[in-house]
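Protein chains: 2
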Amino acid sequence: MNCLRAKPLLAAALAGFLCLSNAVAQSVDSLPSWNDGAAKARIVAFVKAVTEPGSKDFVAPAERVAVFDNDGCLWAEQPVYFQAFFIRDRIKALAPKHPEWKTQEPYASLLKGDMKAVMAGGEKALMQLVMSTHAGMSTEAFTQIVSDWITTARHPKTGRLFTEMTYAPMKELLAYLRANGFKTFIVSGGGVEFMRPWVEQAYGIPPEQVVGSSIKTKFEWRDGKPVLTRLPELNFIDDKAGKPVGIHQQIGRRPIAAFGNSDGDFEMLAWTTGAPGARLGMLIHHDDADREYAYDRKSHIGKLDRGLNEAGTRGWTVVSMKADWKTIFVPTR
Amino acid sequence: MNCLRAKPLLAAALAGFLCLSNAVAQSVDSLPSWNDGAAKARIVAFVKAVTEPGSKDFVAPAERVAVFDNDGCLWAEQPVYFQAFFIRDRIKALAPKHPEWKTQEPYASLLKGDMKAVMAGGEKALMQLVMSTHAGMSTEAFTQIVSDWITTARHPKTGRLFTEMTYAPMKELLAYLRANGFKTFIVSGGGVEFMRPWVEQAYGIPPEQVVGSSIKTKFEWRDGKPVLTRLPELNFIDDKAGKPVGIHQQIGRRPIAAFGNSDGDFEMLAWTTGAPGARLGMLIHHDDADREYAYDRKSHIGKLDRGLNEAGTRGWTVVSMKADWKTIFVPTR
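Line order of the protein sequences matches chains B and U.
The working numbering applies: residue 960 is where the first sequence begins, and numbers increase by one.
The working numbering applies: residue 960 is where the second sequence begins, and numbers increase by one.
Errors might be hidden in some of the hints.
When chains are identical, the list treats them as one kind, so a pair holds in a single copy or across two.
[Stated by the list, open to error] In silico BS3-like pairs for lysine-lysine, Cα to Cα no more than 25 Å straight-line: (1) K1285 with K1061; (2) K1015 with K1184; (3) K1071 with K1175; (4) K1281 with K1257; (5) K1177 with K1262; (6) K1083 with K1257; (7) K1199 with K1184; (8) K1075 with K1061; (9) K1071 with K999; (10) K1130 with K1051; (11) K1184 with K1262; (12) K999 with K1061; (13) K1199 with K1175; (14) K1056 with K1071; (15) K1071 with K1116; (16) K1262 with K1061; (17) K1015 with K1262; (18) K1056 with K1007.
What the hints contain is simulated information worked out from the structure, not anything from laboratory work.
Take these sequences, add in the hints, and give me the full structure.
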């Protein structure tokens, strides 16, 4: 934009000329994977309300912050969170160097593929697995590990790469919001460093716009070189009441639009829509067993119960994947 | 940019036309408050190296992350960090509600203006004062308190608003980097919520691009409304070895340019310049007693000792405020 900056008058004149065709641009459907219906209409009306100059709900571009959950909102999360597949694959890859894991729980059960026994170990077992696979290396080494995995690992049911299990309608929505001056953020319970290596390519969301759970890192000098090492110690859990905290900590602005799919997103939607002015809260409802999965109130993953009960009174829109989405996944390569 | 998006071919053609005058734009001095010299030449050469298409050091716009310390780098920090004046003013404002402070340390000494006695209380006393003034209210209430203070409080020596003690050459540098596709971040030991309310106006840096020290916040329901409350508990100290950690946590990219002024910035500069490719590390040296302050190796605030010793071998540029800066402060309103 250097050239534009140096010639503000010329640039302004040309921009004005280009914008004459604004009405035409607006009539192009930016959300082709969404069926015409209440959900799509709500999105378009909200965007119009906050972007149209002179609108009583106009929001300055800098304040147009939209936050998105990741698991079950931007990509699928069944039969388990995809990060759990990453953990399983890493434990398998590291096992040769850890002969003791053959008899030590929860590693032994995981290596035998007995996920039920792993889950029986509860949170403590899960944390052990997380730390064994996510800590103990430099931040750069971990980024490489995730990058290698995400470009090769495949979903057990669909055989797709996990990045091919991202939702086409949500990617259109992200692009549509950005085209209307929004800054889009991920706010996920997943590991922030598990997401950053691939979300820029998958969703157009840069690393600095990813809020997530994290372990601690430590700055060290190694052979005179600065290194950040990942420690086996929890830093932050970005879930439930942690989501507004994470948003405040990292973004420092209150969002005006929030998208989730489970009760883990309840506080984030409440925080976003609990301020005056036009606000958009949406819950993606997994009700399409044929094209994806159907689960809500009783699911162990992505449980959506309170959200369904209170969406109406809180003014949140429940999006039916079955009825509102023409397509579910992005095309395979 | 909606209109541009809809007409990509036309837009590209016009952008190309505008950029014909690129050479002219480049010849305009974007850093008029900088004297011609090694420091200015280094900045311009670095920006050219990372932005010129085909340059061996070219860096994609998304990766152009520049980090700036705040105290002593973007604004002054003498005779004490400006946040200390905020603390003093808040203690005074709150004192009527706390009659016990008249005899209780460190409050009593502070209210009497005996800063030496306050400092004698060490870190414990300082933390007490921080928590008494920064915690116990909602995040929104705190933002309002800071906003009210920053628009009225004045520096004891210059009589200027504190935002008028920001450095003109650094503001030009921020704008110059942004015009060249950089994303500019503050990475400061100061409180992140103390900075966010005013840095957007002062420096053009939005809240989500501010990394700083923080206390914990807690999500609560109050009368059915979601509230974030500030707790009297440290969350993160963004100083020294904490700076690369804070950068990694919030930005998630390794910067290619870093600007500081004290040994508190040493690790940040080392982390930034310790990767391959063109990197820029700069230390602002306070050597102008006439126009600002002169201090370095033995100062209690903004001590710069190791940085001066190692700048040469690490390839960092030491900027002399006296020799390199035509102007120090931004104009008063």
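Status of each hint after checking the structure:
1. K1285 with K1061: neither (47 Å within a copy, 69 Å between copies)
2. K1015 with K1184: Answer is between: at 24 Å across copies they meet the 25 Å cutoff, but 55 Å inside does not.
3. K1071 with K1175: neither (30 Å within a copy, 41 Å between copies)
4. K1281 with K1257: within (19 Å within a copy, 68 Å between copies)
5. K1177 with K1262: between (35 Å within a copy, 23 Å between copies)
6. K1083 with K1257: within (23 Å within a copy, 49 Å between copies)
7. K1199 with K1184: Classified as between; 15 Å across copies, 39 Å inside a copy.
8. K1075 with K1061: within (17 Å within a copy, 62 Å between copies)
9. K1071 with K999: neither (45 Å within a copy, 62 Å between copies)
10. K1130 with K1051: Neither: 32 Å inside a chain and 52 Å across chains, both beyond 25 Å.
11. K1184 with K1262: Classified as between; 23 Å across copies, 45 Å inside a copy.
12. K999 with K1061: So K999 and K1061 fail the 25 Å test inside a copy (51 Å) and across (61 Å) alike.
13. K1199 with K1175: both (20 Å within a copy, 16 Å between copies)
14. K1056 with K1071: Intra 17 Å, inter 64 Å, cutoff 25 Å: intra-copy only.
15. K1071 with K1116: This pair counts as within: shortest intra-copy Cα distance 19 Å, inter-copy 72 Å.
16. K1262 with K1061: neither (33 Å within a copy, 54 Å between copies)
17. K1015 with K1262: neither (36 Å within a copy, 51 Å between copies)
18. K1056 with K1007: Classified as neither; 57 Å inside a copy, 47 Å across copies.
Comparing the model with each earlier hint shows violations of hints 1, 3, 9, 10, 12, 16, 17, 18; every other hint is respected.
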